[in-house]
Amino acid sequence: MNKEELLSKLKTIITPYVQNQEGLENLTEDTDFIQDLEINSANLVDVILDVEDEFDIEIDNEAMEKMLTVKASLVIIEEKLNEK
Amino acid sequence: MIGNDIVDLELAKKQSNWQRKGWLQKIFTETEQQLILDSCKPELQVWKFWSMKEACYKAHQRCLAHSPRYNPLSFECALNGLISIQGEQYRSIVESTGQYVYSVAKKIPLPYTSKIFDTKVDLKVKLSEFVTMSSNNISSVHITKDQNNIPQLLVNAKTMKYPFSFTNHGKYAAFAITI
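Residue numbers (the UniProt record's numbering), protein chains in the order written: chain C, 1 to 84; chain D, 1 to 179.
The set of hints was computed from the structure by calculation and includes no laboratory data.
No residue lacks a Cβ here, since even glycine has one placed at the ideal position from N, Cα and C.
Here are the computed lysine-lysine pairs in the DSSO-like style, where the Cα-Cα straight-line distance is at most 30 angstroms:
#1 Lys21/D to Lys3/C
#2 Lys84/C to Lys26/D
#3 Lys9/C to Lys13/D
#4 Lys11/C to Lys171/D
#5 Lys161/D to Lys107/D
Computed footprint of chain D on chain C, listed as stretches where at least three residues anywhere in the stretch have a Cβ under 8 angstroms from a Cβ of chain D:
#6 36 to 42
#7 46 to 54
#8 66 to 75
Extracted from the complex, chain D is given alone in its bound form (with noise of 0.2 angstroms):
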């Protein structure tokens, strides 16, 4: 299973203000604050982390089926990218340039695509016409959400297996397959 996360590092810094009091307690293990406030860029580390979590939680709750929660501190990030949840563990590849985190997690290192958007795109268009063209004897892609709002795949009518997960936030959306 894949999850990915990405987070406008521009857009991050107007909605959320991480030096509230509390905000980094509410969702960051001590060890992580700790990697945090000695990190020599901190809200760049935030932004790493969170999106680890994110895409974490994303392929964790594709394999178990799991309803929607929200317990970021449940994922135990590291820096060589390791995540760590209810004694499993992930690996993530976190990419990051001045305007952007991108992290994509998987539990086995299978090989993956991954699109990163920077203009406004249709992600469930652009997923379809990658698709499309990765094989020949595709007629119809469809993607529809499960009941636990999780994102399916439908080639020729059927449900298929391959997994993937969508991200957008700000000026950014990415998509991420395993194909």
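Here chain C stands alone, though its shape is the one from the complex (with noise of 0.2 angstroms):
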């Protein structure tokens, strides 16, 4: 999988959790979930939760604390989709 595919499908997970509709569409590598898409804090374990089960890994807690932003979700994914 690409990084633009790897976008695509992390831009279909947050949708449902933005709030702030102009963050999405001007989404990149460095839009901050909390600060630019208005996601609601407890609305980041759904996208944990929605990332495990699109790409079927693991998020453990240490990758957890970092999920704030796309790129480091990005990082994330890959890692962990490396590790498989």
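Starting from two chains that each stand alone, build the complex the way the hints lay out.
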């Protein structure tokens, strides 16, 4: 899976939780889930569970701590996919 | 340092399914999960612990000035309001009505002021008004954010050390300040 495919899948996952649509339209690797997309912090758990289901990977606590931006999430997903 | 967090219970019910497989395990320690499941109101206990963790996260982040992270599991809550994180303890006061759950967490039991609003308000304006009223010699109050997105209070163009925290969710918003 290349980076564009990963980003596109991640975007589909986060879309239902986004409260700032403008942030979604301008999505980049630097986009912050809470600051830019206004995703409710309790919904970040749902993003993480959805990522686990979609990619069939396990996000451990250490990885979860960092999953606050698009960039960090892509790095973590790639790492976990490579470990498979 | 101080942190606060409010949960609009009606909105939380719409936004989150706490019974989703894996959801509790990602956020709550085994002890907390047991306390939630043993509670006569498990859903309310979920949001009480959640708001305690969020309030404590904010107080702790302000103490250490660390970059944002998502580590709810690192904060262990007890029913008496105590929260432990990395060997440190915070005390929280949890207020719960049928409509919302509100927590304020602090390390040291200093007096503080907290105000909850149930209408759309600009918390920066409300806090600025409060700070201005608290003393006679205040000509200007500004609120900015530092590099970790922690809000800072500028009084008469100087950065003040009054710890404070903002929260909003759904219909509710609140500030808490040690002053």
